[in-house]
Amino acid sequence: MLNNIGIYHYLILGFILFLTGLCGVVLSRNIIKILISIEFMLTAVNINFTTFGLHCKNLAFDGYIFALFYIAAGAVELAIALYIFYAMYREKQTSNIEDYGDV
Amino acid sequence: MSEFFTDNLIWVILYPLWIFLLIGTARLFAIRMSKKLLTLITLAGSGLGIIFSCGALINTFLYGGKEFVFTFIKIQNFLLQLGVNIDKLSAVYMLLLFTISFIIQLYASSYMSREPKYYRFFGYLNLFNFAMCFLLTSPNLFQIYAGWELVGLVSYLLIGFQYVNPVKSKAAVKTFIINRIGDTALLAGILCLIYIMWTYSVPGVVTLDFSDFNIISSIVYAHTNNFTFFILCLLLFTGAMVKSAQFPFHTWLQDAMNAPTPVSALIHSATMVAAGVFLTIKLLPLFTLSREILLFIVILGMFTALFCSLCAICQNNVKSVLAYSTSANLGLMLAAVGCGNIDLAVIYLIVHGFIKAALFLSYGMTNNEYAEDKSITLPPSFIIASFALAGLAFAGLNCKELFFETFKQNTFLRIEFLLAAFMCAVYIFRLCCKYPLATGQRPHIREQISVWLLLLIITAGTFAVSGSQLGVPFWTAFAGAITAVIISIKAKDCNEGAVTKICGGGFFIDRFYTKYIYSLYGKLADTANMIDSYISNNKLLLYLSKKAVAIAEFIEKYIFEAPVKLCVICTKFASRELEHAQTKNVQTYIAYGALIAGIIFTAILLTYTFVINNLGGIG
Amino acid sequence: MTTALIFYPTALIIIIFSIFSILSKKIVYSLISAIVVFMAAGLIFYLLGAEYNAVIQLAIYGLAVPVLLAMAIMFTDVKNEKHAIVTGARKFVIITAVLLIAMSVVYLTAIAVNLTIGPIFSTISTNLNSFRIFDAITDGFFTSYIIAFELFSILLLAVVAGVSDNAK
Numbered sequence: 001m002l003n004n005i006g007i008y009h010y011l012i013l014g015f016i017l018f019l020t021g022l023c024g025v026v027l028s029r030n031i032i033k034i035l036i037s038i039e040f041m042l043t044a045v046n047i048n049f050t051t052f053g054l055h056c057k058n059l060a061f062d063g064y065i066f067a068l069f070y071i072a073a074g075a076v077e078l079a080i081a082l083y084i085f086y087a088m089y090r091e092k093q094t095s096n097i098e099d100y101g102d103v
Numbered sequence: 104m105s106e107f108f109t110d111n112l113i114w115v116i117l118y119p120l121w122i123f124l125l126i127g128t129a130r131l132f133a134i135r136m137s138k139k140l141l142t143l144i145t146l147a148g149s150g151l152g153i154i155f156s157c158g159a160l161i162n163t164f165l166y167g168g169k170e171f172v173f174t175f176i177k178i179q180n181f182l183l184q185l186g187v188n189i190d191k192l193s194a195v196y197m198l199l200l201f202t203i204s205f206i207i208q209l210y211a212s213s214y215m216s217r218e219p220k221y222y223r224f225f226g227y228l229n230l231f232n233f234a235m236c237f238l239l240t241s242p243n244l245f246q247i248y249a250g251w252e253l254v255g256l257v258s259y260l261l262i263g264f265q266y267v268n269p270v271k272s273k274a275a276v277k278t279f280i281i282n283r284i285g286d287t288a289l290l291a292g293i294l295c296l297i298y299i300m301w302t303y304s305v306p307g308v309v310t311l312d313f314s315d316f317n318i319i320s321s322i323v324y325a326h327t328n329n330f331t332f333f334i335l336c337l338l339l340f341t342g343a344m345v346k347s348a349q350f351p352f353h354t355w356l357q358d359a360m361n362a363p364t365p366v367s368a369l370i371h372s373a374t375m376v377a378a379g380v381f382l383t384i385k386l387l388p389l390f391t392l393s394r395e396i397l398l399f400i401v402i403l404g405m406f407t408a409l410f411c412s413l414c415a416i417c418q419n420n421v422k423s424v425l426a427y428s429t430s431a432n433l434g435l436m437l438a439a440v441g442c443g444n445i446d447l448a449v450i451y452l453i454v455h456g457f458i459k460a461a462l463f464l465s466y467g468m469t470n471n472e473y474a475e476d477k478s479i480t481l482p483p484s485f486i487i488a489s490f491a492l493a494g495l496a497f498a499g500l501n502c503k504e505l506f507f508e509t510f511k512q513n514t515f516l517r518i519e520f521l522l523a524a525f526m527c528a529v530y531i532f533r534l535c536c537k538y539p540l541a542t543g544q545r546p547h548i549r550e551q552i553s554v555w556l557l558l559l560i561i562t563a564g565t566f567a568v569s570g571s572q573l574g575v576p577f578w579t580a581f582a583g584a585i586t587a588v589i590i591s592i593k594a595k596d597c598n599e600g601a602v603t604k605i606c607g608g609g610f611f612i613d614r615f616y617t618k619y620i621y622s623l624y625g626k627l628a629d630t631a632n633m634i635d636s637y638i639s640n641n642k643l644l645l646y647l648s649k650k651a652v653a654i655a656e657f658i659e660k661y662i663f664e665a666p667v668k669l670c671v672i673c674t675k676f677a678s679r680e681l682e683h684a685q686t687k688n689v690q691t692y693i694a695y696g697a698l699i700a701g702i703i704f705t706a707i708l709l710t711y712t713f714v715i716n717n718l719g720g721i722g
Numbered sequence: 723m724t725t726a727l728i729f730y731p732t733a734l735i736i737i738i739f740s741i742f743s744i745l746s747k748k749i750v751y752s753l754i755s756a757i758v759v760f761m762a763a764g765l766i767f768y769l770l771g772a773e774y775n776a777v778i779q780l781a782i783y784g785l786a787v788p789v790l791l792a793m794a795i796m797f798t799d800v801k802n803e804k805h806a807i808v809t810g811a812r813k814f815v816i817i818t819a820v821l822l823i824a825m826s827v828v829y830l831t832a833i834a835v836n837l838t839i840g841p842i843f844s845t846i847s848t849n850l851n852s853f854r855i856f857d858a859i860t861d862g863f864f865t866s867y868i869i870a871f872e873l874f875s876i877l878l879l880a881v882v883a884g885v886s887d888n889a890k
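As you go down the protein sequences, you meet chains B, X and H in turn. For the first sequence, the working numbering assigns the number 1 to the initial residue and increments by one for each residue that follows. For the second sequence, the working numbering assigns the number 104 to the initial residue and increments by one for each residue that follows. For the third sequence, the working numbering assigns the number 723 to the initial residue and increments by one for each residue that follows.
Next comes chain B alone, as it looks inside the complex:
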């Protein structure tokens, strides 16, 4: 069981990473850290996609393609989020999420 790495190992790894990202999103104070946590969640989803792409025969590697789309989408999302953060930062001069409550 420990020697053979199957679908469940990858799925559980992705699951743990996703939960870590979720905790990070909820608990962090720093905006940058929240963004990093979101990227963790995206990576976890990518791992799941790729696992299913490999292990499900009838998918014909569609999971790989979706993971690639997801990476692109994540990069775009990060860029926009950072832009918004910068725009807000110019007004408030702080990176603490709790100071932005009145957006």
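Please note that a few of the clues may not be correct.
[To be verified] Pairs of lysine-lysine residues, derived as BS3-like cross-links and limited to a Cα-Cα distance of at most 30 angstroms, are as follows:
hint: 1; chain 1: X; residue 1: K649; chain 2: X; residue 2: K660
hint: 2; chain 1: X; residue 1: K271; chain 2: X; residue 2: K618
hint: 3; chain 1: H; residue 1: K813; chain 2: H; residue 2: K748
hint: 4; chain 1: X; residue 1: K139; chain 2: X; residue 2: K191
hint: 5; chain 1: X; residue 1: K668; chain 2: X; residue 2: K650
hint: 6; chain 1: H; residue 1: K747; chain 2: X; residue 2: K675
hint: 7; chain 1: X; residue 1: K273; chain 2: X; residue 2: K626
hint: 8; chain 1: X; residue 1: K271; chain 2: X; residue 2: K626
hint: 9; chain 1: H; residue 1: K748; chain 2: B; residue 2: K92
hint: 10; chain 1: X; residue 1: K138; chain 2: X; residue 2: K271
hint: 11; chain 1: B; residue 1: K92; chain 2: H; residue 2: K747
hint: 12; chain 1: B; residue 1: K92; chain 2: H; residue 2: K813
In case anyone wonders, no lab produced these hints; they're calculated from the structure.
Guided by the hints, dock chains X and H onto chain B, whose structure is given.
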């Protein structure tokens, strides 16, 4: 491609239902739909219907019919199936239905433009299309019964469309009640059939499918005596009789004329009344086994034709005359079915449907109910169509010749038919002479287009229906027309005289119903009331019932209401606690969302494992 | 066997560094540990036979994204927080949720293992040919998912245009 149309006809049948539901939903949420869009999607449904039923007709001629059936309810060996059964008859009927529907919807889009409940009108039209298709494509008697009721409902809704007017709403109720008689008779017949099949058929299943109706008929015939069989057939035929407005029940058609003119044309002369003929044709395997019932059908049809024509002669209201004429012509069709000439019945049904629609629509063209001007005038198209109805020209002429051919075994029938044709010409031309020709009015272009389309179809029908020679019926009708002209020149108005009063009043059948049957019901109700009051004044019973109420109250208070109260308390507590969650902070929301997702996930998992452990897996 | 040897350390690295990244008070440390996590995820992709994905992961998440984040940190002069994570009710709520989900997943896995012991933990013996996968990916991009692909390229272009226009 080969059977594309028969395969996909079901979507076209369901399309009007979806539109109806769409309109209903839109109204429920008070979403405004533009009239143009509404008309367009409705017309698209009917247009698609024309194309598909035309294609299905060709397909059935090339490859034979088709049947899709799924089981709705199954109880032991009783099987209630729904489905779509497409054969030549239903395809022809559907072509007629969709063509007339299309033209009438086009007409109604301008006729009803001043109506505030326009959307509802079109919703009902769509529902009617669906109900009619549901009836026509039914593979067994059960679905026919369901369609029968649905059509009756739509008819009720459309007759009582302007329900603010008490006369109209009462007429709708009356129509509905008279139709109920036929429905009840039909249901009784179906139940008898089920009973006989259940008892005597070899362990098969009771489906009452039309595809094996020959076997059913022979089984039923073998296990009933002559009289019972006649009664059974009569019960089934009564359903058709009422829907087709035959003799004792023809009065509902006059009340049905309270509907807006397009509806009168669509339902009460062209398509819905034809359902009776449809059912009679479908049940013909059963009817042919009994000579008496065939004779009954022929006699009843002929009698209705004569009787209603006589009534129509003395009517002054145009729509009333047309209603009586519809009853008379349907009687002729039923007589043709009774003689075994189904082809003629179907041909005349189509021709008559188009002629009647043309008559109604051209009448409505110059006499709009929403217009200020109430004086009655008739447009030229009305006179052209009345030529066709009287059998002087176009497809009507050919059909009358065919009727004359069909009735050749029996001189008596021939004479009766000629009499009916004569009177037909008299009443229709009396109308034409009575009311002035419309001049100077310019109806809406869409109304004109639809009327001329119908006339075009009637003219084209001349070449489609074979047997065009100027025989005896033509000259009879000609004589009738001349008589009508003479009558109207001699006596402008026929409101005096005992004969005209009796004929004009429809031989007082309506009054008989209201006077005697109505009062009979009143007496019944009185008797029931008496028994009721006797029982309710009994001391012991009162005491017992009071005790029972007290016990019920106790149970309700402490057993049924307690869980509800508990729920209320729990909800209050939860809402008070959950107030803290609303902090305007997105992160907190995410946290609570995750918590809820976790709870749901766990609950699903536990349920699933419980099911697996206790029920041994699903499926 | 070699897969197991690579997988367990990588998984451990991912989990430890991701948790560290969240708990760290200094923002730069958390960024660096995030880079480690992303790189390790690339390795996981490689283990799964998705070499192309691994390369893209390394290029975008291993380089481009950290550079973006680092630029953001530098430009905005983010202060290090006194407390890395928030305190209060939210903490308990999320911990409860995570525990609940984790427990149910463990339970689910246990059921799955009990139900079908055989095929799950045996490695799938596909003879992974990189070229075959590459063919499949290109096939997917340019036949089934051509519209999505084009839409993504338009989206990227729009983001580039929008950000550079607004950054003035």
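List of violated hint numbers, smallest to largest: 4, 6
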